[in-house]
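Here the protein sequences come in this chain order: A and B. Residues 1 to 288 in this note's numbering are what the first sequence lists, from first letter to last. Residues 1 to 266 in this note's numbering are what the second sequence lists, from first letter to last.
Simulated from the structure, these hints should not be mistaken for laboratory data. The structure presented is a predicted model; accordingly, all values stated were derived computationally and were not measured. Cβ coordinates follow ideal geometry from the N, Cα and C atoms, glycine included. Keep in mind that the hints are not guaranteed to be accurate.
What the hints assert, rightly or not - Distance windows between CB atoms, simulated: (1) 252(A) - 208(B): 32 to 40 Å; (2) 61(A) - 217(B): 51 to 59 Å; (3) 186(A) - 14(B): 49 to 57 Å; (4) 133(B) - 35(A): 19 to 27 Å; (5) 246(A) - 217(B): 41 to 49 Å; (6) 122(A) - 196(B): 53 to 61 Å; (7) 9(A) - 63(B): 52 to 60 Å; (8) 252(A) - 221(B): 35 to 43 Å; (9) 9(A) - 149(B): 37 to 45 Å; (10) 252(A) - 195(B): 54 to 62 Å; (11) 204(B) - 91(A): 20 to 28 Å; (12) 194(B) - 91(A): 50 to 58 Å.
What the hints assert, rightly or not - DSS-like, lysine-lysine: derived pairs with alpha carbons at most 25 Å apart: (13) 65(B) - 80(A); (14) 223(A) - 190(A); (15) 60(B) - 151(A); (16) 150(B) - 181(A); (17) 62(A) - 198(B).
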Amino acid sequence: MGIILDKISYKYDIEDKELSSFGIFDISLQVESGKAIGIIGHTGSGKSTLMQHLNALLLPQKGQIKIDDYIINNKSKNLKDIRKKVGMVFQYPEDQLFEETVFKDIAFGPKNIGLKEQEIEAAVKRAMADLELDYEEYKDRSPYELSGGQKRKVAIATVIAMDPDVLVLDEPTAGLDPKSKKDLLALLFKIKETRKLTVFFVSHNMDDIYLFSEYIYVMSQGKIVMEGSGLEVFSKTTELRELGLGVPFSVEVLEDLKKQGLYRGEIKAIDLKELAEVIFNLLGDKND
Amino acid sequence: MIKDITIGQYIYKDSLVHRLDPRTKIIVSMLFMIGIFFIKDYYEYIYVLALTAISIYLSKIPVAKILKGLKPILPLIVLTIIMNAFFTSGEVIFQFLFFKLTIEGLALAAFMSTRIIFLIIFTSLLTLTTSPINLTHGIEGLLNPLKKLKVPAHEIAMMMSIALRFIPTLIDETDKIMKAQKARGADFESGNIIKKTKSLIPVLIPLFISAFTRADELAMAMEARGYRGDEGRTRFREQRLQLNDYLILLFFLVLTIFVGIRSVVF
Ligand SMILES: Nc1ncnc2c1ncn2[C@@H]1O[C@H](COP(=O)(O)OP(=O)(O)OP(=O)(O)O)[C@@H](O)[C@H]1O
Ligand SMILES: [Mg+2]
Numbered sequence: 001m002g003i004i005l006d007k008i009s010y011k012y013d014i015e016d017k018e019l020s021s022f023g024i025f026d027i028s029l030q031v032e033s034g035k036a037i038g039i040i041g042h043t044g045s046g047k048s049t050l051m052q053h054l055n056a057l058l059l060p061q062k063g064q065i066k067i068d069d070y071i072i073n074n075k076s077k078n079l080k081d082i083r084k085k086v087g088m089v090f091q092y093p094e095d096q097l098f099e100e101t102v103f104k105d106i107a108f109g110p111k112n113i114g115l116k117e118q119e120i121e122a123a124v125k126r127a128m129a130d131l132e133l134d135y136e137e138y139k140d141r142s143p144y145e146l147s148g149g150q151k152r153k154v155a156i157a158t159v160i161a162m163d164p165d166v167l168v169l170d171e172p173t174a175g176l177d178p179k180s181k182k183d184l185l186a187l188l189f190k191i192k193e194t195r196k197l198t199v200f201f202v203s204h205n206m207d208d209i210y211l212f213s214e215y216i217y218v219m220s221q222g223k224i225v226m227e228g229s230g231l232e233v234f235s236k237t238t239e240l241r242e243l244g245l246g247v248p249f250s251v252e253v254l255e256d257l258k259k260q261g262l263y264r265g266e267i268k269a270i271d272l273k274e275l276a277e278v279i280f281n282l283l284g285d286k287n288d
Numbered sequence: 001m002i003k004d005i006t007i008g009q010y011i012y013k014d015s016l017v018h019r020l021d022p023r024t025k026i027i028v029s030m031l032f033m034i035g036i037f038f039i040k041d042y043y044e045y046i047y048v049l050a051l052t053a054i055s056i057y058l059s060k061i062p063v064a065k066i067l068k069g070l071k072p073i074l075p076l077i078v079l080t081i082i083m084n085a086f087f088t089s090g091e092v093i094f095q096f097l098f099f100k101l102t103i104e105g106l107a108l109a110a111f112m113s114t115r116i117i118f119l120i121i122f123t124s125l126l127t128l129t130t131s132p133i134n135l136t137h138g139i140e141g142l143l144n145p146l147k148k149l150k151v152p153a154h155e156i157a158m159m160m161s162i163a164l165r166f167i168p169t170l171i172d173e174t175d176k177i178m179k180a181q182k183a184r185g186a187d188f189e190s191g192n193i194i195k196k197t198k199s200l201i202p203v204l205i206p207l208f209i210s211a212f213t214r215a216d217e218l219a220m221a222m223e224a225r226g227y228r229g230d231e232g233r234t235r236f237r238e239q240r241l242q243l244n245d246y247l248i249l250l251f252f253l254v255l256t257i258f259v260g261i262r263s264v265v266f
């Protein structure tokens, strides 16, 4: 079980030759269920385009996608099942809220996939609990009078409430303050664990990507140009910089220390605790 | 899909047609519209076809792009064909109740639909090769003489340019919200017309809200930059007709007068 993309291509503008260079080309990848996959790439590299294929919002013009037993290709019909299976959180998902109350908005998805009254209520309650939104406090409020961060949580709950197996997060924290960002990500990956989801995580923040993904794909001009674990990908600092991408904070610090001749070890992504240790040891060497 | 709408869509290319003064292009489009009504015989469309083909070639706009723009008006063409084919008197080929298909009707249907198709193709060249800003500058320029009659030329042009400017934005926004609601299991395709209309509510509400927010922000940004209407406003680029403009205007003017006189005299 898992997700297999077999040579999929999608061009936005087929008629105009000059513009048809936009899209994704010949992408193949294979992901096991339950994994957290990070997707990085420069602006316009095709990350969102690729992600929209995972729940058939865009159908591949060539190639096919296999998600467990479902097959998506350019002739796919009956897309509701796949939309239920793959939940999709867009950039700025709060723009899609439209109901009078938070409850009704979250219930929209479950209703669409044909759940019964009581099932809907249970699904909404569970999704709100997952996102740490108090049911009694929020259910009758208008989504429009909430703060930005709360709106974002409601919008994500609308997707979670459909009980997907795969969750696509396309820059889920864009535009939030640093603390809300950190809290929301922690929450999302907690949900991934409790609900045993496969997660695709698109972000421009390399630290978040390093911290949360088990495997990373790097995109450039509609193609996958690099892949590997966080450790592998973020050790290729020159290549990443050539692609216009950054590196995690720890890699930057280690590089700096090396340039100044203080650090002689290998440059690789490590978490902040390990980084502190490295620096602590360097200080120790000096004091000797 | 919603993306197929080409009205108001500008495609940047470096071409002779793009470089023409917008006023020239607007006048030429109008002359074309007038001229095509003087055409009497089917074979004369060969000249129209040649003129249109040369214009498209010079504009460097892909033909497929232009043909795609015909899609939204397909219902109009079909309606024209039906109306003309069945409601023209003449030699009856086939009759059903009081609908009579006539030879004259068929000929007229072909004639009229060709006229509409050429009209749309040629005028869509105007919006495809002229950026919205230039288009409204052109309209303002042409309306300017009417300012003396208290016609609010500047305000009209500004309203149009804002509306045109936001068409692509609104289309993008609609596309994005529709996708988001589809991802939540919304179904815009199946069901009867009432169900289909109802299914648009989750798209329309967020769309209106964002449009109002945008309008508010735009008004604020304009005021913050000192916009206070037409008075004392100068242009970054003053419009001035070039040699090309004069030649093309002259050509179309002569052509229109010629077909006009010919259709009256003969
Ligand atoms: N609806 C569309 N119509 C035409 N071209 C598009 C459309 N959406 C995206 N593109 C083009 O396709 C390319 C890939 O876009 P995509 O949105 O997938 O990039 P991205 O990697 O998600 O970028 P970002 O990091 O800015 O979100 C871009 O060059 C973009 O201009
Ligand atoms: Mg994107």
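- Given the proposed pairing of residue 60(B) with residue 151(A), does the C-alpha separation stay at or below 25 Å? Roughly 46 Å separates the two Cα atoms, so the pair is violated.
- Message: Hint check: residue 223(A) vs residue 190(A), CA-CA at most 25 Å. Holds or violated?
- Response: violated, 30 Å
- Query: Honestly, do residue 61(A) and residue 217(B) meet the 51 to 59 Å range at C-beta?
  - Reply: Given a distance of about 37 Å, which is not inside 51 to 59 Å, the answer is violated.
- Item | Satisfaction of the hinted span 49 to 57 Å by the C-beta atoms belonging to residue 186(A) and residue 14(B) | holds, 51 Å
- Message: Please check whether residue 204(B) and residue 91(A) have a Cβ separation lying inside 20 to 28 Å.
- Response: holds, 21 Å
- Query: Per the hint of 37 to 45 Å, is the separation of the Cβ atoms of residue 9(A) and residue 149(B) within bounds?
  - Reply: violated, 58 Å
- Message: Please check whether residue 252(A) and residue 221(B) have a Cβ separation lying inside 35 to 43 Å.
- Response: Because 37 Å falls inside the window, the suggested range holds.
- Return holds or violated for the Cβ distance of residue 194(B) and residue 91(A) against the range 50 to 58 Å. Violated: the Cβ-Cβ distance is about 33 Å, outside 50 to 58 Å.
- Message: Taking 54 to 62 Å as the stated bounds, is the beta-carbon spacing between residue 252(A) and residue 195(B) within them?
- Response: About 55 Å separates the Cβ atoms of residue 252(A) and residue 195(B), which means 54 to 62 Å holds.
- Determine whether the Cβ-Cβ distance between residue 252(A) and residue 208(B) falls within the hinted range of 32 to 40 Å. violated, 45 Å
- Query: Okay, residue 122(A) versus residue 196(B) on CB: inside 53 to 61 Å?
  - Reply: Since the Cβ atoms of residue 122(A) and residue 196(B) sit about 30 Å apart, the hinted range of 53 to 61 Å is violated.
- Query: Is it true that residue 133(B) and residue 35(A) lie within 19 to 27 Å of each other by Cβ?
  - Reply: violated, 49 Å
Hint compliance for this structure: hints 1, 2, 4, 5, 6, 7, 9, 12, 13, 14, 15, 16, 17 are not met, and every other hint is.
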